[in-house]
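Take a look at the letters that make up each chain.
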Amino acid sequence: MSITNEISEFLQKGRAKNVKTLVQQALDEGMDPKVILNEGLLSGMMIIGTKFRNNEVFVPEVLVAARAMNMGLSVLEPKLVEVGNEPVGKAVVGTVKGDLHDIGKNLVVMMLKGAGLEVYDIGVDADAEAFINKAEEVGADVIGMSALLTTTMPNMQTVIDLLKEKGLRDKYIVMVGGAPVNESFAEQIGADYYTSDAASAAEVAKQAILAKKNA
Amino acid sequence: MQPLSVFGKSIVHSKGGGACAGMRCGMVFTEIAVSVNKKKVLDFLNCYEDSSLYEDIAEEYEAIREKVFAVIRPRAAAAIGEERAWVLLTLGDGVSELIKALFDAGDYMGGMLADAIADQSLFSADRSVAEQLRTVCADRKIGVVRRYDAPGNMPMEKQAEILARTEGERLLGVGITSGLMFDPVKSMGYILELTDDPTIYRAEHDCSRCNAQNCGMRTCAYAE
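Top to bottom, those sequences are chains A and B.
Read in the numbering used here, the first sequence has 98 at position 98, and its numbers run on one by one without any break.
Each number in the numbering used here corresponds to the 1-based position in the second sequence with 1000 added.
Derived by calculation from the structure, the hints in this document are not laboratory data.
Each hint should be verified, as a subset may be incorrect.
Calculated from the model, a selection of chain A residues having no Cβ within reach of chain B, i.e. all distances over 12 Å [what the hints assert, rightly or not]: (1) A68; (2) E165; (3) E187.
Simulated coverage check for chain B against chain A, where a stretch passes if three residues somewhere in it have a Cβ under 8 Å from a Cβ of chain A [as the list claims (entries may be wrong)]: (4) 1051-1062; (5) 1102-1111; (6) 1117-1130; (7) 1171-1183.
In silico DSSO-like pairs for lysine-lysine, Cα to Cα no more than 27 Å straight-line [as the list claims (entries may be wrong)]: (8) B:K1067 with A:K20; (9) A:K90 with A:K166; (10) B:K1038 with A:K17; (11) B:K1040 with A:K13; (12) B:K1067 with A:K13; (13) A:K79 with A:K213.
Owing to the predicted nature of the structure, the values given are computational and were not obtained by experimental measurement.
We put the CB at the ideal spot given by N, CA and C, even for glycine.
Model the full structure from these sequences, guided by the hints.
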């Protein structure tokens, strides 16, 4: 078994220390950091994400896998910076104004990182300006919004309206999610995508970015 | 079940007259029993005994529970009127900071465990306050017909009323967002419909009357 396959296997089992050791070993052997990232860490996360969507594994397996990926990345990231690795894309993610729920948003952040995106988490109770300013600052591809309350869902519309007002709507892929949100609400407010879980959000974001870049 | 503290006395602050004798009466609960059930927490996270991860996560649960219990500060305030009572309780903002720190450090399992333990602690504190209120109601020869929670069976707008009636901001340091959500996030409030019949006491949350259909803590089906 190749070392990248081993990294992927250990990652899927949530064996963080093994992943960290193997990533270091791969670097010591002169392996390209991008290969370690793509064929080891991200490959493992993609497999676990697919298994989660297919109900083959549950939340704990995803959480420990993501933690293992994080441990691997802590060793790998300095080398990725050195070689100028470009992420799949950039996403700004937050919970909308008036809403303090952050667990769903945190899981989306975790899965987006696992899909190879550079993620900027603007936290909870984030107003429209915060989403847009951060997206403009970092050159984001995706703006992801979370809301857990019917009283705060309308604030997703506020962000989209402000994007339109500033002439920036077409610049970003806008994604929404959260317990009271659904496909029809996403369509009604003019969002590009609604996803019902964090794993799907990551997959959709990745595909949407690649499609936009290839258009 | 590991109790964090034991039932204690409540501080009564009456409004506009004799001690709890008038139309309105307020009180603060500072000694609130909190316990969490490990199985419930792990079940909530879909971590079952037949999982290959169970032992590791169960061990981690113990460490995270200690951290959560070190930072929670359960406190509650209640106001009793003629027909209704308003109740607000909070664990304080320390636990929110702990959860955020765990997620920020990439310890996603730790963050999820802390969040689930905090939720269980809040529900446990809720039961503890409901029991202390039972004594208060018995002393005043009143009962409770029904409980209203938002958004389950009461509009979110009522949360502002709960905060105002209980003086939650002054007494507990609880605020409210523009989306009518209590801040700190691990807080809850509810309204009780009172009756002159002291033999009736239904102050605990009733899942059968709550329309939060996808709630992971649901104990029975929605009946309305």
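| Earlier hints that do not hold, by number | 1, 6
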